[in-house]
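Line by line, the protein sequences are chains A and B.
In this text, residue positions in the first sequence follow my numbering: the first is 3, and each later residue adds one.
In this text, residue positions in the second sequence follow my numbering: the first is 5, and each later residue adds one.
If you're looking for bench data, these hints aren't it; they were derived computationally from the structure.
Keep in mind that this is a model prediction, so the values were computed, not measured.
Careful, some of the hints might be misleading.
Claimed, not checked - BS3-like cross-link-like pairs, simulated, lysine-lysine; straight-line CA separation at most 30 angstroms:
id, chain 1, residue 1, chain 2, residue 2
1, B, 204, A, 82
2, A, 82, A, 72
3, B, 234, A, 78
4, A, 82, B, 231
5, A, 70, B, 234
6, A, 78, A, 66
7, A, 82, A, 66
8, B, 204, B, 190
9, A, 72, B, 231
10, B, 234, A, 82
11, A, 66, B, 234
12, A, 82, A, 70
13, B, 231, A, 70
14, B, 231, A, 66
15, B, 204, B, 234
16, B, 231, B, 204
17, B, 190, A, 78
Claimed, not checked - Just some of the chain B residues that point at chain A, by a computed CB distance under 7 angstroms:
id, residue
18, 84
19, 124
20, 208
21, 210
22, 214
23, 215
24, 217
25, 219
26, 221
27, 222
28, 225
29, 227
30, 229
31, 273
Unchecked claim - Here are a few chain A residues that sit away from chain B, every Cβ distance over 12 angstroms (derived from the structure):
id, residue
32, 23
33, 83
34, 175
All C-beta atoms in this analysis are idealised placements derived from N, C-alpha and C, irrespective of residue type, glycine included.
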Amino acid sequence: MRNSGAPFVIEMESLVLGYSQASPLNEPFSARLEGAGIHLIVGRNGAGKSTLIRTLAGLQAPLKGSIKWKGQLLSKASAKERGEGMAFMASTPPRTSGLRVAEVLDLMSPTIALRDQTLRQVGATPWLDRRLSSLSDGQAQRVMLARALLQQTPWIVLDEPTAFLDAPSRTALRQTLLELSQTGVGMILASHDFHGLQGRDELTSIHALNASGWNALDRLHQATDWESQL
Amino acid sequence: MDRGMTVQQLFIVLGLGIVVQVLLHLAWGPISIDWLDAWSLIDSTDSLVLFHVRLPRVVTAMAAGSGLALSGLLLQTWFHNPLAGPSVLGISAGSSMGVALVLLTGLAWGWWGITSAAVLGGMLTLLLILLVSRRFQGSATLLIFGLMLSYVVGALVTVLQAEAAQDALQQFVFWGMGTFGQAPLKLSVVMLVMVLLAWKLVASKSRDLDAWTLGSLTAQSMGVDEKRLKYTVIGVTGVLAGIITAVCGPVAFLGLAIPHLVRLMCSERSHRLMIPLTILTGAFMALLADWGVRAPGLDGGGWPLNAVLSLLGGPMVVWVLFRKTWNA
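With the rest of the complex left out, here is chain A:
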């Protein structure tokens, strides 16, 4: 069903993240991400996970260094090219949109069949005619995940999508993400909440982000081992 192609190679070169040159978040680091499945990025609050996610998606410029998609500089890509390469899911659902769920999804111009299939995948079918603003945070995040999937991009970046959800919604959404990771899409998931993900085969790679940069972690290790790396 997906026609997005395999996840392309993402290269980070001497990357420094942050909002102001006066206070960079990390030492320069270089790294690459490739392949389908979930790439988990763990880090403490304030380590720059959200900033990294935005920077990888081209929604924010790095302080130093560069990012390449398929060997091409991301900074040179047009808004349209960015939208075709990577979908983005924020940590909170939109608060001020009056659109109905169907209208949100139709922004991606999917076929009815694809739309309904995607709604089933994320478990959001019953809410098609509801207003986004009338849904709970957990329900709205499922709709936003469906929207991101309908963008049919090789990559989806997720900025702590479960951060504001209650425990059952969090577990359910995480389960959905694990299932989706089997469909060939590449997902970059930033999270400080990685318990329940350790040892999972769906994790393609795990990285810790902190002030000294970026460390690859072993996915077979327990979450407590990751914690020591933060």
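Add chain B to chain A, keeping to what the hints say.
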């Protein structure tokens, strides 16, 4: 969950309401026109009243109402803020500053000078707001900034007033009350054409604006060109609010209140429908408000426009504040 009329019904009611009001506005006034005498409509007092007084007035009212309403909708969407509007954010104040500089310093620049100064003032204000709004966390900060901007600009205008000559001051005070009845026909038609052009431009951005309601980052990740959308919002809002302010004075409430009136009347929120509905409702309400201006004193001598609009608009804004969510 959904209430109100269907969209088709609403379009029909607004369309008919506008046509009927235009005809009534043209027909009614202290001087009665002999509609059956075709000759008198071409040449005589009747034609003077019709083409130099009443027609420019209805065209101005429609252009101002729809232009300000469209600006309000754009600002509310762009800033994700239900209480945004050209007067709330200080854009109208910026335009007033431009007009004050021209009128009160005695520069005899005419309509075009005043209009350009108002457009420039409005756009500069909006640019300033866009520049600082990145640093704002909550939506209240933006509104307070707009309010403070209005105060500062208002103070500057007061200083100019204190220094101004008597007749220039009188002209400026009269302008400040707001009216649809001052523009010559040509200028009113120019305004209406500008609004129609803006409508066309903004309608082509419907999808981008819908996406923007999902959050600016999400929208950009969907391929929305932030800069292009931003310049559309600045351009359309600055030009429309600027021209309208120059011609009609700092018109209150229409920009803020009309989009909410549309949301009250119908359950659609997509910009594909919100844009035309907002424009038509703006024209309808401006024509309606003008009855309050014209009726008490008959053609021109009635209540000030801004008094009528504040009496109508104030309660509406309170109603917006009292609703739990602006999209409920």
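For each hint, the structure was consulted:
1. B:204 / A:82: Cα-Cα ~22 angstroms, so holds.
2. A:82 / A:72: 16 angstroms, holds
3. B:234 / A:78: OK: residue 234 of chain B and residue 78 of chain A at ~20 angstroms, within 30 angstroms.
4. A:82 / B:231: 13 angstroms, holds
5. A:70 / B:234: 27 angstroms, holds
6. A:78 / A:66: OK: residue 78 of chain A and residue 66 of chain A at ~15 angstroms, within 30 angstroms.
7. A:82 / A:66: 24 angstroms, holds
8. B:204 / B:190: At roughly 21 angstroms apart (the allowed maximum being 30 angstroms), residue 190 of chain B and residue 204 of chain B satisfy the hint.
9. A:72 / B:231: With a Cα-Cα distance of about 25 angstroms, the restraint between residue 72 of chain A and residue 231 of chain B holds, given a limit of 30 angstroms.
10. B:234 / A:82: Holds, at roughly 16 angstroms.
11. A:66 / B:234: Cα-Cα ~26 angstroms, so holds.
12. A:82 / A:70: Since the Cα atoms of residue 82 of chain A and residue 70 of chain A sit roughly 16 angstroms apart, the hinted pair holds (cutoff 30 angstroms).
13. B:231 / A:70: Between residue 231 of chain B and residue 70 of chain A the Cα gap is close to 22 angstroms, so the pair holds against 30 angstroms.
14. B:231 / A:66: Roughly 22 angstroms between the alpha carbons, so the hint for residue 231 of chain B and residue 66 of chain A holds.
15. B:204 / B:234: 16 angstroms, holds
16. B:231 / B:204: Holds, at roughly 19 angstroms.
17. B:190 / A:78: 46 angstroms, violated
18. 84: At about 5 angstroms, which falls below the 7 angstroms cut-off, the nearest Cβ of chain A leaves the hint on residue 84 of chain B intact, so it holds.
19. 124: 29 angstroms, violated
20. 208: Constraint on residue 208 of chain B not satisfied, violated at 15 angstroms.
21. 210: 10 angstroms, violated
22. 214: This interface hint holds because 6 angstroms falls under the 7 angstroms limit.
23. 215: 6 angstroms, holds
24. 217: It holds, given that the least Cβ distance between residue 217 of chain B and chain A is near 4 angstroms, below 7 angstroms.
25. 219: Since chain A brings a Cβ to about 5 angstroms from residue 219 of chain B, closer than 7 angstroms, the hint holds.
26. 221: OK, holds: residue 221 of chain B within 7 angstroms of chain A, min 5 angstroms.
27. 222: Status holds, d = 6 angstroms.
28. 225: Hint on residue 225 of chain B: holds, closest Cβ of chain A at ~3 angstroms, below 7 angstroms.
29. 227: The hint holds - residue 227 of chain B has a Cβ within 7 angstroms of chain A, the shortest such distance being about 3 angstroms.
30. 229: 4 angstroms, holds
31. 273: 3 angstroms, holds
32. 23: 16 angstroms, holds
33. 83: 8 angstroms, violated
34. 175: Its Cβ never comes within 12 angstroms of chain B, the nearest being 17 angstroms, so this holds.
Of the numbered hints given earlier, the model fails hints 17, 19, 20, 21 and 33; all others are met.
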